[in-house]
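Go by the hints and put chains Z, L and D onto chain G.
Protein chains: 4
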Amino acid sequence: MLEQLRELTTTASFNRWAGFEVIRVEDGECELRMVWRPDDMGQYAGFLHAGMIAALLDTACGFAATTTSGLSVLSSQFAMNCLAPAVGEEFVAIGRVVKAGRKQIFTSGELFAFSDGERKVVATATTLLVPGG
Amino acid sequence: MLEQLRELTTTASFNRWAGFEVIRVEDGECELRMVWRPDDMGQYAGFLHAGMIAALLDTACGFAATTTSGLSVLSSQFAMNCLAPAVGEEFVAIGRVVKAGRKQIFTSGELFAFSDGERKVVATATTLLVPGG
Amino acid sequence: MLEQLRELTTTASFNRWAGFEVIRVEDGECELRMVWRPDDMGQYAGFLHAGMIAALLDTACGFAATTTSGLSVLSSQFAMNCLAPAVGEEFVAIGRVVKAGRKQIFTSGELFAFSDGERKVVATATTLLVPGG
Amino acid sequence: MLEQLRELTTTASFNRWAGFEVIRVEDGECELRMVWRPDDMGQYAGFLHAGMIAALLDTACGFAATTTSGLSVLSSQFAMNCLAPAVGEEFVAIGRVVKAGRKQIFTSGELFAFSDGERKVVATATTLLVPGG
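Chains as they are written, first to last, in our numbering: chain G, 2 to 134; chain Z, 2 to 134; chain L, 2 to 134; chain D, 2 to 134.
Derived from the structure by calculation, the hints contain no laboratory data.
It is possible that some hints are incorrect.
Since the list gives no way to pick one copy over another, a pair counts as held whenever it fits inside one copy or between any two copies.
Calculated lysine to any residue pairs in the SDA-like style (CA-CA distance at most 25 Å, straight line) [claimed, not checked]: (1) K100 with G47; (2) K100 with E32; (3) K121 with V93; (4) K121 with P86; (5) K121 with L84; (6) K121 with E27; (7) K121 with D40; (8) K121 with E4; (9) K104 with W37; (10) K104 with R17; (11) K104 with R34; (12) K104 with V123.
Here chain G stands alone, though its shape is the one from the complex (with noise of 0.2 Å):
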């Protein structure tokens, strides 16, 4: 599974360019490492950008999706609290699928940042999936 989601995020230009890599893969979880780049990441304030907060937390719950529902699984409703300002020099998320129904597969993440060593969750989300998309 973890070589299968390593080859399909290689196929989304923006997870090329965002540098997006699979670290860990289960059943029904997907954990994913990016590290964070000022010149093209940030907001005005030089957190990250809440457009990258959820590329992060969507693809990884998407990624969880997958190893329930199959590869071709499509986001339709998607939902975030930002708890924190997101400030760190490397970024992990992690997806869960809540549950794999036949129509429709929920799923719940977290998004951590990693800054001197430390470990802080700035960000969770849910996300609702549709298969066979």
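Just chains Z, L and D, lined up with the frame of chain G:
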């Protein structure tokens, strides 16, 4: 206000990379344009990446919020519905303030794809922001 | 359609208890009225309970969805923003279909409080439903 | 804290009507029980009404928030996912504080249905509250 937001968007490195262009600002409303780039904005099926959809909607909503509540606002909750595959040569996000309170600002947004001269809604969102971030 | 939804709402014991009244139905739209009862609908501060706000919005959106997608629809995702304390003698929820797909129906809704002849938006919502429940 | 929340819940007329019972309170966490009544809590198919699901989740989350942020909190954003039909003799909602800030409190909740001695998750939610409402 248009000049102020055009300046603000240049301070965000992600917005510069994505080429976000503020094309209209009114009291409580903001319109943002982005040209599609297949080489670094796509998901695995070649549509606009969900992170980019979120970035456009969140930014348009945030800019709308600045018109009522000052330049320093931070998103705390973001929810979006992806209604149709985001395919087009150009995308326009419109953000609107629904209610601007002292503690919280509620906004909503729509994302339109332009393809062969046709306009189509591809996603909607609501965001909740905190002023004086 | 009005008669059909008036009949449908009597089959739901909660709707009967709450006194939900279908006052308008159009293609893709439904309007629902409820009279405020302080003795069994309030939260601790005396406003309309968040559960009742959700019930009105979810039901109006669900009824709107039946006009495009058949009587058997089930909510799978519901999100609401509470803009102002829900205070009034009467409440009216309007649900609208945003997009009716084969697999999913997207709707949005608004809740109005009527107080001394004045109408005020107190909450908004979006819901995602699955047809053929 | 248990006594305080048991007293608080009696001040809400809806909670009294629904028979919400606070069965466990800890720092940042609250558990709420409700017995199913087919005669005034059902939707059209006979499951627990989405408004009741929302009421249980929102109340458990709100009570959890009071343990960290004082008795006067107001929900401003509520999102729920309905994972399975809410069928059971009894329902238990667990609310947890995810982050308690000065301006906003983020919580999450789960709703369990108990049927023939079996426990099943039927819905999840996140809420965002404002302290000092």
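| Alpha-carbon proximity between K104 and R17, which holds within one copy, between copies, both or neither at 25 Å | Neither way: K104 and R17 sit 30 Å apart in one copy and 31 Å across, limit 25 Å.
| task | Tell me, please, which holds for K100 and E32 at an alpha-carbon limit of 25 Å: within, between, both or neither? | result | Both: 18 Å inside a copy, 22 Å across copies.
| Is it within a copy, between copies, both, or neither that the alpha carbon of K104 lies no farther than 25 Å from that of W37? | This pair counts as neither: shortest intra-copy Cα distance 36 Å, inter-copy 28 Å.
| task | First find the shortest C-alpha distance between K121 and D40 inside one copy, then the shortest across copies, and answer within, between, both or neither for a cut-off of 25 Å. | result | within (23 Å within a copy, 32 Å between copies)
| task | Give the relationship of K104 and R34 under a CA distance limit of 25 Å: within one copy only, between copies only, both, or neither. | result | Close neither inside one copy (29 Å) nor across copies (30 Å); limit 25 Å.
| request: Could you figure out if K121 and E27 sit no more than 25 Å apart (CA to CA) within one copy, between two copies, both or neither? | output: both (22 Å within a copy, 23 Å between copies)
| query | How do K100 and G47 come out at 25 Å by Cα distance, when the copy is not named: within, between, both, or neither? | reply | between (36 Å within a copy, 23 Å between copies)
| request: Up to 25 Å between alpha-carbons, please classify K121 paired with L84: within, between, both or neither. | output: within (10 Å within a copy, 29 Å between copies)
| When no copy is named, should K121 and E4 be tagged within, between, both, or neither for a Cα gap of at most 25 Å? | neither (28 Å within a copy, 34 Å between copies)
| said: One pair to classify: K104 and V123, alpha carbons no more than 25 Å apart. Within, between, both, or neither? | reply: between (31 Å within a copy, 16 Å between copies)
| field | Same-copy or cross-copy closeness of K121 to P86 [CA-CA at most 25 Å] | value | Close inside one copy (10 Å), not across copies (33 Å); limit 25 Å.
| What label fits K121 with V93 when the C-alpha limit is 25 Å: within, between, both, or neither? | The answer is within: 10 Å in one copy meets 25 Å, while 30 Å across copies does not.
When the structure is compared with the earlier hints, violations turn up for hints 8, 9, 10 and 11 and for no others.
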